[in-house]
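Given chain S's structure and the hints, the job is docking chains C and G onto it.
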Amino acid sequence: MTVVEVLVRLALVLAAFLVFPLVIGQTEHKVMGHMQARVGPIYAGAFHGWAQLVADGVKFAQKEDVVPAGADRRVFRLAPAIALIPYMVVLIAIPVGSGDLVGRSIDAGVFFVLAVMGVGVLGSLMGGWASANKFSLLGSLRTAAQLMAYELPMLLAGASVAMAAGTLSLTGILGQWEWWWLPWQAVGGVVFFTAGLAELQRPPFDMPVADSEIIFGAYTEYTGLRFALFLLAEYAGILVLCALTTVLFLGGWHGPWSDDLGWLWTLLKTGVLAFVVIWLRVSYPRLREDQLQKLAWTGLIPLALAQLVLTGVVRVAIA
Amino acid sequence: MSRIPGAGLAKGLAVTLKTMTKRSVTQGYPEVLPELPPRSRGVIALFEENCTVCMLCARECPDWCIYIDSHKEVVPAKEPGARDRTRNVLDRFAIDFALCMYCGICVEVCPFDALFWSPEFEYATDDIQALTHEKDTLREWMWTVPAPPPLDERAEEPKELAMARRNAAKLAKELEQEQPQGREPNGPASPGGDA
Amino acid sequence: MTAGLAAATVAAADLSGRGGPGFLSPTGAEVAFVLIGLVVLGSALLVVTTSQIVHAALWLVVTLGGLAAEYLLLTAEFIAWVQVLIYIGAVVVLLLFGLMLTRAPIGRSTELDSLKRWPAVLVAVGATATLLTVVVDAFHSAYLDLGKTDDGSARVTGESLFRVWVLPFEVLSVLLLAALIGAIVLSRGRADADGKGR
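Residue numbers (this note's numbering), protein chains in the order written: chain S, 1 to 319; chain C, 1001 to 1195; chain G, 2001 to 2198.
Hints in this document: simulated from the structure, not taken from any laboratory.
Accuracy of the hints is not assured; some may be wrong.
Capping the alpha-carbon separation at 35 Å, the derived lysine-lysine pairs in DSBU-like fashion look like this [claimed, not checked]:
(1) S:K134 / S:K59
(2) C:K1078 / C:K1135
(3) S:K30 / C:K1022
(4) S:K30 / S:K294
(5) S:K30 / S:K59
(6) C:K1159 / C:K1173
(7) C:K1018 / S:K59
(8) C:K1022 / S:K59
(9) S:K63 / S:K134
(10) C:K1159 / C:K1072
(11) C:K1159 / C:K1135
(12) C:K1018 / S:K294
(13) C:K1018 / S:K30
(14) C:K1173 / C:K1078
(15) S:K134 / G:K2116
(16) C:K1022 / C:K1011
(17) S:K30 / C:K1011
(18) C:K1159 / C:K1078
(19) C:K1170 / C:K1078
(20) S:K294 / S:K134
(21) C:K1170 / C:K1159
(22) C:K1135 / C:K1072
(23) S:K134 / S:K30
(24) S:K294 / C:K1011
This is chain S alone, in the form it adopts within the complex (with noise of 0.2 Å):
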C-alpha cells in the first residue's frame, strides 16, 4: 500500500464519518416527523428542509462556548473529542465491499471495534464529572452504570460470530458467511444490536440523558460546537453499530451480483437498521434504570450464552 493509497483511504473513511452521521441524523428528522404525523424539517435547503443540519451546525458554531466556573476546565474541554474520535477510528476497520474495500483489514478486527467503541463512553464519564453539576454526574453514573452492563452481551454475541467464522477479522468473517448463517446467529444479532443500542444510549435505553429527570445527563453544561460535537458521536455511533451489525449478522456485501454491487449491499442493510434505530426511538418509552439493568444480567446476557452454545455445537457438528 502506497502512502497516497493510504491517505485516499482515510480521506474517505473522514468523508463518509462527516457525511453519513448527518445523514442518519435528517433521516431521523423526517422519520420521526412522519411517524409523529408531523413534517419534520422543511424550510432549510428549500427542498424538504434538507438543510435543516447544516443550519443548526452553523448555529451551534455561533454559540458561545461557556466552561461552568467550578469546572475541571481541562478534562470538561477535552471530552468531547474522547466521545467522537473512537467511532471515527472504528470506521476504518469496517469492510464495506469484498475484496479490499475497507480503510484497513484488521487481524483482530472484531476486539478492536468492539474495544475502541468502548472508549467513547469514557468521553461521556469525564464530561459529566468535569461539569460540577449533580445532573451531569448523576448521568455519568448511569452511564457507566449501563455500559458495563451491556458490554458483555455485545462482546459474547461478537464471539458468537468468531466462533463460528473461526476468524476475528471482519473481513475474515465476511469471506466465510453463508445465507444461513442468518437464522443460525439471529438470537445474537439481536442481543448484538440491543446491546449496542444501550452502549449509544439511544432511546429506549437513554436513561443517562433523561430529560425529566437529569436535564441531559453528562452534557448538562455544553454549550455550542462541543455540545454538536457529543451529539455527533452519538450518530456516528449509530452508523457504526449498524454497520457493525450489518457485517457481523447480516452478510455486509453479501448479496445478489455482490461482485460489482457489495457496497451498496452494505449501505443499504446499514440504513435498514439505522431506520430501525430511529423507528424503536419513536416507538417505546424510556426503561427505568432497574429494568435496564435487568434487561442485560437477566435478559440478553443468558441469550448471548446460549446462542454461544449454540454456535460452539453446530460448527462441532458441521466440523
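Relative to chain S, chains C and G alone:
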C-alpha cells in the same frame, strides 16, 4: 393482555409505521392559511355606522380595554316649531388588544350590532403600543367578518326577518285592497311551515 | 506500583529492542517504542503523584493506552485490543464509577498524601528492580524481527494459551470464580443483616 410475548412491542412498532405512511396533519401556515371554524375569536371589528355611543361595551368590558370619545351634535329641526335634536357622534373608538382577553362580552352586550367577531388573527406586532387599534382599523376588519352561519334546519326564523316579512305582507295586503285587480301578494311561504 | 510496572516494561522493551542488530541505527518502530514508553512512564508517574483523584484515573487511561500501543508495536495485536477492551473499557470505567459513586471532588484533595509514601516508593523501586533483573536475565540478547514474526497474532496467542499455559489459565479462572462467589456472599450477607435490622 397479550398472550404472545412481545406482541405489545410489535404493536407499538406497527402503530408508528402506519402513522408514517399516512399524510401528516401539519398545516403549512404562512403559505396555506388555516381554515378557521365559524365564530373564531380573532379580533373584534366595529361596524361604526351602527354605534350609538351608548358606552355599554366600554362599561361591561372586564379589563377596561375599550376607549370611547364622543361629542353631541345638534340636528336642526326639520319642521318649523319642532325641537332641535341632539345626536351622539363617535370621535374615537379604540380597543387595546394587549389588554383584551377575548371574552367577547362587548360583542354580546352591544344592543345595536356594532361589534362583531372577526377571524382575522395576523395583527401581532413587536410594539405593545401598536396593539391599541383605532376605529378606522376596527372598521376595516369589519370586511373580514364572515356572514352569520346558516340557521339549523327547522330552526325558528330570526325575529327581525319574521317582523319584516309580516310588515311586508301587511303592506302588500293594503296595496291589494287599494287596487282590487292588482298582482297577487308575493310573500313567500313561511319557512318550516310545510315540513 | 503501576509506575514500577510501566518502568519495568519500558526498560525491558528497550533492552530487547536494542539487543539485536541495528543497535546504533534504530528503526522507526523502535524509536516509536521508546517514545511511547516514555509517555507511559510519565503518565504512570502522574497517576501516583497527582493530587486530583479523578485525574489519576484518567492518567491511568493514558498509561494503559500507551501500553496497548506498545503491544501493537510488538505485533501483539490481539493482546493490545484486549488490553484496551478490558482495562480502558471496563476496569477504568468501573474505577471511575466507583470514584463518582463515593467521592470525586473537582480540585485537589489534600488527604491523598499519606505518611506511607516512602514505604510505597520503596516497594515500587524494589518491584521495579526485581522485574528488571528477571526480564533482563530472561531476554538477555533476544531480538524480535518485527517484520517477520507473527508471534503476537491471535492464532499463536490462542494456541500457546490453550496448549502450553492451559493450567495457569484455568487456575486463574478459578480465582475469578472465587472472587465472584465471595462478592455474592458479601452482598447477600449484608442484605440479610439489613432485613433483620428492620
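To see whether the hints hold, each was checked on the structure:
no. : hint              : in the structure
1   : S:K134 / S:K59    : holds, 27 Å
2   : C:K1078 / C:K1135 : holds, 30 Å
3   : S:K30 / C:K1022   : holds, 14 Å
4   : S:K30 / S:K294    : holds, 33 Å
5   : S:K30 / S:K59     : holds, 20 Å
6   : C:K1159 / C:K1173 : holds, 21 Å
7   : C:K1018 / S:K59   : holds, 34 Å
8   : C:K1022 / S:K59   : holds, 32 Å
9   : S:K63 / S:K134    : holds, 24 Å
10  : C:K1159 / C:K1072 : holds, 32 Å
11  : C:K1159 / C:K1135 : holds, 30 Å
12  : C:K1018 / S:K294  : holds, 31 Å
13  : C:K1018 / S:K30   : holds, 15 Å
14  : C:K1173 / C:K1078 : holds, 32 Å
15  : S:K134 / G:K2116  : holds, 33 Å
16  : C:K1022 / C:K1011 : holds, 17 Å
17  : S:K30 / C:K1011   : holds, 22 Å
18  : C:K1159 / C:K1078 : holds, 32 Å
19  : C:K1170 / C:K1078 : holds, 29 Å
20  : S:K294 / S:K134   : holds, 25 Å
21  : C:K1170 / C:K1159 : holds, 16 Å
22  : C:K1135 / C:K1072 : holds, 18 Å
23  : S:K134 / S:K30    : holds, 34 Å
24  : S:K294 / C:K1011  : holds, 23 Å
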